[in-house]
Amino acid sequence: MLSSRGVQTMYRGLLGSQIPEPSVLVSSPLLSPLSARPVCWLSVNRRCLVNRKMSENGLASRRGKVLTMETMNPHVKKVEYAVRGPIVQRAVEIEKELKEGAKKPFSEVIKANIGDAHAMGQQPITFFRQVLALCSYPELLNSPLFPEDAKNRARHLLQSCGGGSIGAYSASQGIECVRKDIARYIEQRDGGIPCNPDNIYLSTGASDAIVTILKLLVCGEGQNRTGAMIPIPQYPLYSAALTELGAVQINYYLDEENCWSLDISELRRALLDARQHCKPRVLCIINPGNPTGQVQSRKCIEDVIRFAAEENLFLMADEVYQDNVYADGCQFHSFKKVLFEMGLPYMNTVELTSFHSTSKCYMGECGFRGGYMEVVNVDPEVKAQLTKLVSVRLCPPVPGQALMDLVVNSPKPGEPSYATFVKERTATLRSLAERAKLTEQILNTVPGIRCNPVQGAMYSFPRITIPERAVQEAKEKGQAPDMFYCMQLLDETGICVVPGSGFGQKDGTYHFRMTILPPTEKLKILLQKVKEFHLHFTEQYS
Amino acid sequence: MHPLRVLAGRVLAQGRPAVQTVRFKTQGSVQQPGSKRFSTAEATAEPAENGNGSTLRRASAARERSLTMETLNPNVKAVEYAVRGPIVLKAVEIEKGLQQGVKQPFEEVIKANIGDAHAMGQQPITFLRQVVALCTCPELLESPAFPEDAKTRARRILQGCGGKSLGSYSDSQGVGCIRQDIAAYLERRDQGVPASWEDIYLTTGASDGIMSILKLLVSGQGSSRTGVMIPIPQYPLYSAAISELEAVQVNYYLDEEHCWALDVNELHRAYQEAKRYCNPKVLCIINPGNPTGQVQSRKCIEDVLHFAYEEKLFVMSDEVYQDNIYSPDCQFHSFKKVLYEMGPEYFGGVELASFHSTSKGYTGECGFRGGYMEVINMAPEVKVQLVKLLSVRLCPPVSGQAAMDVVVNPPQQGEPSYPQFLQEKTAVLGALAEKARVTEEILNKVPGIKCNPVQGAMYAFPRIFIPPRAVEEAKALGMAPDMLYCLHLLEETGICIVPGSGFGQKEGTYHFRMTILPSTEKLKILLEKLSAFHIKFLEEYTALEEPSR
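Protein sequence lines correspond, in order, to chains A and B.
So that you can map any letter, position 131 of the first sequence is 131 in my numbering, and since no number is skipped, the others follow by simple counting.
So that you can map any letter, position 168 of the second sequence is 168 in my numbering, and since no number is skipped, the others follow by simple counting.
Simulated from the structure, these hints should not be mistaken for lab results.
Computed from a predicted structure; not experimentally measured.
Note that beta-carbon positions come from the ideal geometry of N, C-alpha and C, so glycine has one too.
Wrong hints could be hidden among the right ones.
If you only want the chain B side, here are some residues facing chain A, beta carbon under 10 Å, derived [said to hold, decoys possible]:
| no. | residue |
| --- | --- |
| 1 | Leu72 |
| 2 | Leu134 |
| 3 | Tyr346 |
| 4 | Phe347 |
| 5 | Pro397 |
| 6 | Glu507 |
| 7 | Thr509 |
| 8 | Ser531 |
| 9 | Ala532 |
| 10 | Ile535 |
| 11 | Leu538 |
Just a sample of chain B residues kept apart from chain A, beta carbon distances all over 12 Å, derived [said to hold, decoys possible]:
| no. | residue |
| --- | --- |
| 12 | Gly101 |
| 13 | Phe106 |
| 14 | Asp116 |
| 15 | Pro124 |
| 16 | Ser223 |
| 17 | Glu246 |
| 18 | Cys259 |
| 19 | Pro328 |
| 20 | Cys330 |
| 21 | Gln412 |
| 22 | Lys445 |
| 23 | Lys536 |
| 24 | Tyr541 |
Only chain A is shown next, with the shape it has when bound in the complex (with noise of 0.2 Å):
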């Protein structure tokens, strides 16, 4: 908006002075003959002061614009990204109104479309947060408030940063100290296979560093082009990425009907679908699963990186909720740990990049934009580039490096902080674990609810059926089916949770994606409206 004083001057722009004189512009017969005339002036000036409020910035002005919907980037028209997309840009103009006075049946909209623990309320690690304090303000290192254990953490990190500084750049890939933290945890979890400092690239948080990887992959052209693999429901990031980057999606659809599991014959078949119009050089991986919260079975592990062995794939394992698995008889168990268990020629062949994050599993830090990849017998030459690459951007946020390295490095038994670090971090995993059976316990009371158990992760993707009369309806506005459902959802219940279609799933199904994020109590007022909400719907389009 204006500001009175702007407006005035404004006026006085239009009323009494001119336009520069275009004085080193007049002289070149290139130009178009633009020029200021006085006499249009006002009249285009008084147009475009009455379409001040419509355009939201300035004035339009006769030049047009450069940047539009038929010249920008076609690959970024075509970027989709449900997770903040039109519902959650719905559910903030709801809160909004709400604000204002206006009356809805709710008084709250519950946003259960990102996960996002701390805006639902999860605390976060009391050691994490007085390392990065420390190191922020370094005089706080002279403070009693602090235990020792941070403190030294602190320095520690204080030591690699340049100038003692965490305002200082890293190096690309990451502080070394942090880098081989992060190998030394590694190894740790993946019990004593080893894991070299020099494949670790820490990033800004998990999302950057599969993008960056993908961006290396992407060549070729027609039927040459790369074609990257990624499950069906997935986390629309790759989607994203992929249509960014102008590389073909390759479609393959995990099993409802047996938890969301993988079956490697439904991999061979969009393989070779896929041959028949591009180059799949690319598999992704989601485990725990997300949107569908399955954790694979070490048997399943081994079955991809055969294939993938067998049919030249670059594997991507997306294991940021690594540490969120809750299900009785689930483990987790990374891609790496099974590649270098199988032994010759696996271990020294199969090309893998696994990532990680300080967004999830019980720290839930994602406002810190903290990750890291590990990358596995990738090309000496084109880990050069990939270095290169990532050094266009100097570095990810050092605190960000900062808080990954405590993830990797927690408190130590023995240490001050280890029991409250222990106690904290034990009742959020058991809260989570106890907020997946809620949830899956209740929506599987709804009749036209179906909802396979969350294993791990931190989402339910339940199966739907939305009426035959309401999919025409949606059809008629345009909608996807499931879209059109969580839109009155939202309209009537202030629930925010994202359709299925946003992350793919079979023709004629229909899901959709809430965290299990809010708190117990609330969570089950969430699945009692959602419940109710469903029972209605059914009923009114029946």
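Given the coordinates of chain A, assemble chain B onto it according to the supplied hints.
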């Protein structure tokens, strides 16, 4: 043969051309396919040789690398980024050697290659760090060790965060109240020119914002492919981004004879020429200049904007050094303000994105990756597309956003932290101005070096004379002559600077970029060493040329 030449040869023999394919020696030993992967790690484990023979053999026979230099994205291959290129990798290697006791003719590597103030010993602004620490660990809000104004800022920021935690995602455009603070700052800075918080987008450093806007703008094929006009010399983020996005780089040359001024006639020339083979749609300006340190005059900005208006160009103005002005007769003028003063037809017409960051100015907080852009006159439906694009990456780091908030909303007169803040800010900017002057002065005393005044930013970009024999030698090694020069300098003195060829320069001229960031004392030593080196370099290669001497 001179030992340095052997060294330089060794570095470059491994790859050619210099920047593109140099193997990064710092990455440790190169592993051969088929060798035991465990050799580089602490533990050793025998590879398991287990069952399933036929599949294994099939796999091993079929398996070649999926990702090789041949199948790598060709646009990525074409990217070059000298600021962290081969010379810096070499510097890191030497540094490691020094730590392990390798003898060198110097005791430490001085990195004058990158605008990284804290790494060079600049102290953070206390207030900024207090606010960030309070946001990070809100228990400290109870502590009497922190001033009230810092607490007020922290509370306001936390109020804008989901669950009042820095650990939640923010909106993809950034935290609402921080965007409002930025808009208020812009109105103050530009003396009342209106700024809307809805035009503000927080970013992961300015680089990220620049990249996002360029990404939106790239389209077309062949002669309709988007052309992006950039200054030469430029900051190589631009050329790297253009390569990556497969856009067409359109060079316009800054006028070294006139203190790197921008001449609109040169813009015309570049534009007209480019129109023959691409569709020039974007004009990038860096003001104050990187690597060239010039500060644009108001008149020049007006000319540029007029040109952009007439030729229908989208303007990107990189203003990250807006607080770094040292010459008493120079002043920073924002493109936005000048556009406004040119009248409504311009202010409502020219699409303009301007960029700022926490990394430069007097804060120098590079590691936080804070930044923002203001985008005006963007078509509303394109803005929707921009937000969508940003949302895929979820949000910029929230602690960087908090740092940005302090940059635009520092302590005000009357607040308890004001005196200390003012003192720290003045000290940093005063020292930088002094160092800018010293650098220019000392460099200009060296025969064969000519340095324009460092009016602003953080760099000197002197022109250096390189003897023809050295040029020939460099060419024989497949490297740019100023790369050879900088490698020699590094090997002999431990000073790490970036060759001009990494930024672009008129053909046949040679330069280097050095930062003015080392402490005054260290900077003086650096400049003395550099002078001595230059003279010796000239002598050595001239002597080679005239053996009679």
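Exercise. Out of the numbered hints, which ones does the structure contradict?
Worked result: Hints 6, 7, 8, 9, 10, 11, 14, 15 and 17 contradicted; others consistent.
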